[in-house]
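Enquirer: As a plain string of letters, each chain reads:
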Amino acid sequence: MTDTPFDWMAAANKKAKGKRPEYFDDPEDERMLSILMAVVGEVSVLRERMDTVERLLDAKGTISRDDIESYAPDKQAAYERGAMIREYIYRVMRGPHQMVQELEQVEPPVEEISQELKEI
Amino acid sequence: MTKITPQDQKLDVAPPYNAVARHGVSPQPSHDEIARFDFLANFNKFLSGALGPGNKQAYDKRVLPGFEKEHGREPQDRFEIRHAMNEDPFHTFWSALKRNSMEMRQQNGRAMVLRQIDELNAKARQFNEGRDTLELHPEIDVPRYQSAVDIHCMPGSYHGEELAGDISAGANYDCGIFATTAGGLGALSDGGGQALVEWIKKERPGWEPRRVLDIGTTVGHNIVPLALAFPNCEFIAIDTAAPILRYAHARAQSLGATNIKFIQANAEDLSRWDDGAFDWVQTTMFLHETSGKALPKIITEGYRVLADNGLMLHLEQPEYSDAMPLFEQFLRDWDAFNNNEPFWSSMHALDMKTVMTDAGFDREELFESGVRAVVDREIFLEAPTGEDEDHGRAAYWHAYGAWKNADQMQEAAE
Chain X
12 MTDTPFDWMA
22 AANKKAKGKR
32 PEYFDDPEDE
42 RMLSILMAVV
52 GEVSVLRERM
62 DTVERLLDAK
72 GTISRDDIES
82 YAPDKQAAYE
92 RGAMIREYIY
102 RVMRGPHQMV
112 QELEQVEPPV
122 EEISQELKEI
Chain F
14 MTKITPQDQK
24 LDVAPPYNAV
34 ARHGVSPQPS
44 HDEIARFDFL
54 ANFNKFLSGA
64 LGPGNKQAYD
74 KRVLPGFEKE
84 HGREPQDRFE
94 IRHAMNEDPF
104 HTFWSALKRN
114 SMEMRQQNGR
124 AMVLRQIDEL
134 NAKARQFNEG
144 RDTLELHPEI
154 DVPRYQSAVD
164 IHCMPGSYHG
174 EELAGDISAG
184 ANYDCGIFAT
194 TAGGLGALSD
204 GGGQALVEWI
214 KKERPGWEPR
224 RVLDIGTTVG
234 HNIVPLALAF
244 PNCEFIAIDT
254 AAPILRYAHA
264 RAQSLGATNI
274 KFIQANAEDL
284 SRWDDGAFDW
294 VQTTMFLHET
304 SGKALPKIIT
314 EGYRVLADNG
324 LMLHLEQPEY
334 SDAMPLFEQF
344 LRDWDAFNNN
354 EPFWSSMHAL
364 DMKTVMTDAG
374 FDREELFESG
384 VRAVVDREIF
394 LEAPTGEDED
404 HGRAAYWHAY
414 GAWKNADQMQ
424 EAAE
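In order, the protein sequence lines correspond to chains X and F. Residues 12 to 131, numbered by my numbering, are exactly what the first sequence covers, in order. Residues 14 to 427, numbered by my numbering, are exactly what the second sequence covers, in order.
Chain F with its partners taken away, still in its complex shape:
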């Protein structure tokens, strides 16, 4: 029998779902559930790598010339490009395939989680019951920006429950990230958090924050690595959704991150914490899931609770600056309109530097940086950037940060 598989290991294939690490509340996948995610991980690579470049071809060869003929000018913004591209047969077919991939990921993840939901809930209870590191407050409303649509086409969003008190929202969110990013975030999907650890150790060697606030923690992917790296620091991780916090707390405890307190709270109102209560205020891929009025409130509250010499850091996808070509802005906007991320487009058009100075920072205190996911490269290939990038999903982020009053503090010390 001849082998049809090349031996040189040069093909860009997704790592197997078996490489996903298990923790205390991981769903146990069957053989075929693993195979479903294996298919989706590779299919997503095909959509971005092999088919994705067709969008630019369609735009350059027929959509743009057609637009110019009709309007006598180039498109003025990404929205005009989107409306024109939505009439193009290649782009619509590509979008339909991609939307189906997202929907399949949700169905596949939910089927795996929900068939074993009783076992998962029981495991979570073992980590959650009687612990003062999980604080739920049913009076916290789900904000409109979280309830208007189910974000990422995730049925029930972060706050949905199939059975009272369950953790299905968190378990489903956690298990499928591997398929959506083709393993780009690593075995625990925590490549963002690992990157934060690496970044801060290089940026401020020897710094020991006393207290860190993680806003919009979701399942705690990005805060657990920090909590493990700073075992003597107290971490407060907040989110508005109880189901996701139940899962996050159990997950963190099972991974040994016992220094994180998960609290149901809305970051627009941090009044339970005093001014200057934290040395570090962090958000990771969260601000695009808020709203036009909530975002500046969150940054302002974050500024208030941040201590002098403290760090505020936000990891996001890159903003749509004037320097970014309109076509790239349009591609990066795909998730906004096709994967239920309704604030994504407006958020990435915001000038974060202005938002942060409005909140109280001096412009000189602000910095920007690029942060790439830190994962085990033996198993996980680096996520492509550039033409083959899965825009909006690449494991590479833009960091907006500031050290509060760091200059004044230094001057006072001198």
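Isolated chain X, as found in the complex:
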């Protein structure tokens, strides 16, 4: 045993044993996506917290930190918050989502259309 206090923040970041698959050609892209996705998650957390504050203020007019920590949405609020997170995810994930649509409908380059329009 050492006297060093347990650093839970560092421990939470422990890497799982097993080589991580490489998804991109450039390893820096792996790291950039991991940072970006963590930020995407944290923005969602901030939005949910803001929603909690707004709902509590609507209901009570004044609130404490304890009110926020102990807040539990009723069924309607839970659904609305789920829809809020879903809407947020669709907004930030527009790029990959549009990749699916590109796969469904392969389109010619606009340059080709430009040529076509010149002729008609």
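The hints are simulated quantities; they were obtained by calculation from the structure and are not laboratory data. Any given hint might turn out to be false.
Unchecked claim - Below, computed lysine-lysine pairings styled on DSBU-like, alpha-carbon distance capped at 30 angstroms:
| id | chain 1 | residue 1 | chain 2 | residue 2 |
| --- | --- | --- | --- | --- |
| 1 | X | K26 | F | K136 |
| 2 | F | K306 | X | K26 |
| 3 | F | K366 | F | K306 |
| 4 | F | K215 | F | K274 |
| 5 | F | K69 | F | K23 |
| 6 | F | K23 | X | K86 |
| 7 | X | K30 | F | K69 |
| 8 | F | K215 | F | K366 |
| 9 | F | K310 | F | K366 |
| 10 | X | K86 | X | K71 |
| 11 | F | K274 | F | K136 |
| 12 | F | K306 | X | K30 |
| 13 | F | K310 | X | K28 |
| 14 | F | K214 | F | K274 |
| 15 | X | K28 | F | K306 |
| 16 | F | K274 | F | K310 |
| 17 | X | K25 | F | K136 |
| 18 | F | K82 | F | K69 |
| 19 | F | K306 | F | K274 |
| 20 | F | K136 | X | K28 |
| 21 | X | K30 | F | K310 |
| 22 | F | K366 | F | K214 |
The model shown is predicted, which means the values in this text are computed figures rather than measured ones.
The hints should help you fit chain F onto chain X, whose structure is shown.
Expert: Below, chain F without anything else, positioned relative to chain X:
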């Protein structure tokens, strides 16, 4: 102010993490920890529902034609599809997002558990100390199939400890299942166990097993509902990992399942139990975390300790039969190579019927069935199957089972 939220409740959104039930050793989540899991639960739905179908599009529109052009034939197996798909920009991006979601789930779960680990350990001690229903055996080695990689990208796996004697592995495993399955397993993540109760009550009304063995119990999710349903039955739940058993025992005790004895043991060697010692031998989503040689040993030992007229039942994801399209096999294999489940692919290609007959069952004794998680549908939506399914994580299982020598027993009785 206009409301932007539709009122018809038709959108497929994950239930809130607040709906997770608390038991005696649950970590207490802060507001923002709840919000992190809320995000991940909905993000996982987006990955499987909105983006997932892009994989098939990419395969049909460019990966398969490219493969056929290069090789002059179709892919022969799921591995060839995987290698080809791993070159596709859509599939790699989708995989990278999904891998990040898994890693975030682990980080978020561990951060919540580890910041309160002293309190959690203290709570567990109250349920564990001096109880003869928890039996740990440090001489039990962690098998290679449990130590080669950290399963599910779960840092430290089931056997890891951050502080000596802690329960962090179990608490982290337990708290994040909700996010990974978007609530598909219910408030206590025990939809599998609830399904077993419903199944057996329908299959054998009035049957009262005397003794049940649960192999690879992990945190006891699937055995606690059975133990509560059969309060007069003795349950033995084994696992090779002590940290997960400490948590499982405390969790079960706090939920009132005091008829389960949690024992650190390796199911490849059940010699401490006599032949025919159990009326029911159960595994639930466990066999894919073993290995090619361990699995048949476990089934053989399970057969030996099973009494005549006793039930052996395994819940798993569906096996990769010849009837399953290769592309679906490839999708179901994602976790094997991207979420540290190294035996998953080989296990699902095994013919379990042959494994079970090799262990001693007659082919006529075997049966197969589908089992869907039983959860509170007021709160938890049914997990999608089909194109929107989160393959490998859907709350729907394939059951492989057998009643040992049931025919002979019946004939003898007649």
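Enquirer: Which of the listed hints are broken here?
Expert: Failing hints: none at all.
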